[in-house]
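Asker: Start from the sequences and build out the full structure, keeping to the hints where you can.
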Amino acid sequence: MNILYGLDLLGTMMFAISGAMAANRNNVDVFGVGFMGFVTAIGGGSLRDIFLNIRPVWVEDGNYIIVISIGVLISLTFNKQLYALARTLTLFDAIGIGFFTVVGVEKSLNYESNAFAAVLLGMFSASMGGVIRDVLLQIPPLILRREIYATACIAGATLFVILDNMAVDPAINAFASASLVFTIRIISVRYNWSLPIGQKAFSSKS
Amino acid sequence: MNILYGLDLLGTMMFAISGAMAANRNNVDVFGVGFMGFVTAIGGGSLRDIFLNIRPVWVEDGNYIIVISIGVLISLTFNKQLYALARTLTLFDAIGIGFFTVVGVEKSLNYESNAFAAVLLGMFSASMGGVIRDVLLQIPPLILRREIYATACIAGATLFVILDNMAVDPAINAFASASLVFTIRIISVRYNWSLPIGQKAFSSKS
Amino acid sequence: MNILYGLDLLGTMMFAISGAMAANRNNVDVFGVGFMGFVTAIGGGSLRDIFLNIRPVWVEDGNYIIVISIGVLISLTFNKQLYALARTLTLFDAIGIGFFTVVGVEKSLNYESNAFAAVLLGMFSASMGGVIRDVLLQIPPLILRREIYATACIAGATLFVILDNMAVDPAINAFASASLVFTIRIISVRYNWSLPIGQKAFSSKS
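Chains as they are written, first to last, in UniProt numbering: chain A, 1 to 206; chain B, 1 to 206; chain C, 1 to 206.
For the record, the hints were derived by calculation from the structure and aren't laboratory data.
A hint or two may mislead.
Unchecked claim - Listed below are the simulated BS3-like cross-link pairs for lysine-lysine, each with C-alpha atoms no more than 27 Å apart in a straight line:
1) K80/B / K200/A
2) K80/A / K200/C
3) K200/B / K80/C
Answerer: What follows is the structure, encoded as C-alpha cells:
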C-alpha cells in the first residue's frame, strides 16, 4: 500500500513536470507553468474519477497538490537541464504511463465499471492529462499524432483485465501489465513505430 | 423499453461513425480514429450525466462500447463509401439528434433537474459530443458555425418539457419532440437557413 | 443569505455578458452567443461542483439560467454600448472574480476538500469559465496570457483559508479576501503588471 501510494505521488510529479515543461516551451508566465503542471498531472485521473462518480483524489488528499508544486518548482528551476534530459524523460514517462494505466484499471474495476470501460478508463488515466495540456496550449493532441502512446496503455489495460479475470495475484498482474505498457512504448519510440493512418488502413492503395 | 434501448445504441453507433469520419478526414491513425469515434459518441451523454451527478451509461453497460467499436470498424472499412453517402448521413444524423435530445430531456427530468436545465441538457446530449470532437481536431466547433443544429435541439427539448407538463403520453411526446428536431434540422439544411449573427441581430444596419 | 444569493446571480450574469461579448467579437450567430454566454457563466462553478461530486447549482435552480438569458439578451441588444464600457467592465469583472473566488473556496471547505484544493477550486470557480470560453473560440486562454488574473484569485483564496483557520468572522473574511482579489487585479491592470515568463524566472540572463 505504502509503495503504491508513493509511486502514485511520484507519477503525479512526473506528469506535473511534463506539463510544466510543455508550458515553458510555449513561453507562458510562472502562473501558467504551474497551472499547466497541475492540469496535466490531475487531468487523466480526475476524468476517470468523474466518470466513476467519485471525488478526485487531490480534492481529498493535499499531498498530491504538494508533489505537483514540487514538480513545477523543479521545472522552473532546472528548465534547461531537463531539456537536455529529454531522452531520459521518455523513459520516466513510459514508466509513469504504465503505472497510471494499471492504477486506473484497478480503481475502475474496484468501483464496478464494466471490463471494457475499465480498459478505457485505464488509458484515460494515463493519457487524458496530456490531451487537456495540448488543448489548452492549442497544439495538436499527442494522442492524435502518429505515436504509439495510448495504444500501449490499451494493451496493458487489456492484459490487466484478462489476468484479473484469471485471478492472477494483483501485484504480479500490476507488474506484468505496467511492463507491457512500458515495453510497447519504449520499443515503438526506439524503432519509430507508428500505426497506419485510418483512411488507408483497410484499402490496398492510397 | 427494448426499442428505446435499441435506438439509443443505434444513435450511439451513428455518432461514433460521425466522429471516426471526422478523424479520418484529418489523417489520424487507427487509434485516433477509434478514440475520436468513442469521444464523439459518449461526449454529450456523459456530460449530461456528469451534470446530473450520475454515472455515464457506458461505464455501467459495456454494450455501448461494443456498438461504438462496430461503428469505428465500419468507418475504417467503408470510409470511401460513407463519404459518398454524406447526404444520407445528414438524414441519419438528424434522426440521431432528435432521438438523443428527447432521451436527454427525459432523463434530466427524471433526475429532477429544473425545466430550463432539462432543455439545455437535452441539447447538450445531442450536440456536445460534436463540440468535443471539433475541439480535439482543432476545427471551429460546428455549434458555433452558422448552421441550425443545436437550435433545433433546443426547440424539440422545449416542446418535450411543455407537453410533459401537459401530461401528454410520453411515447407521443417523444415522437412529436424528436420529429420537431428532425424537421427543423432537415428543412434548415435543405433551404440553407441560418440564424442572424449576434452582433447584427438587434441593429437596423450592419 | 439573500444578499449572497443575489450577488451570485449578479456575478453569473456578468460572466454571461463577458462570454456573449467574446462570442460577438468572433461573429457567431445568436445561438452561439447564447451558448457561449451560458458556458462562460456556468463553466467555472460547474467544474468546481463536479470535482466536489455535487450537482452544479444551475441544474437545481432555474434562476441561474434565467439571469444568464437576461445577460445574453443585454449583450445582443447593447453590444456596441458595452464595448464603449470596456474599462468599466474590467472593474465589474474584477468584482465578479473576487466574489466568485470567495464563494468557491467557502463551498469547497464546506464540502470538506483539503485546504490546498479549496484554494485551487476557488480559483477555478472564478477563471475556468473563461478558459472554456477561450478554448471553444480557439483563442489563447486568457489564463495563459501574461495578465495577472488567476494569480489574484489564488492570493484571495489563500487569504480566505488562512483567516478561516484563524476563525475570523466569515462575513469579514469574505469581504477581505474578495477585496484582495479585486485590488491585485485592478492594480495589475492599471500598472500593466505581469508575472515573469516561466523559462526565465530562475535564470540570471535571458
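Asker: All the hints need checking, so say for each whether the structure fits it.
Answerer: Right, here's what the structure says about each hint:
{"no.": "1", "hint": "K80/B / K200/A", "verdict": "holds (10 Å)"}
{"no.": "2", "hint": "K80/A / K200/C", "verdict": "holds (10 Å)"}
{"no.": "3", "hint": "K200/B / K80/C", "verdict": "holds (10 Å)"}
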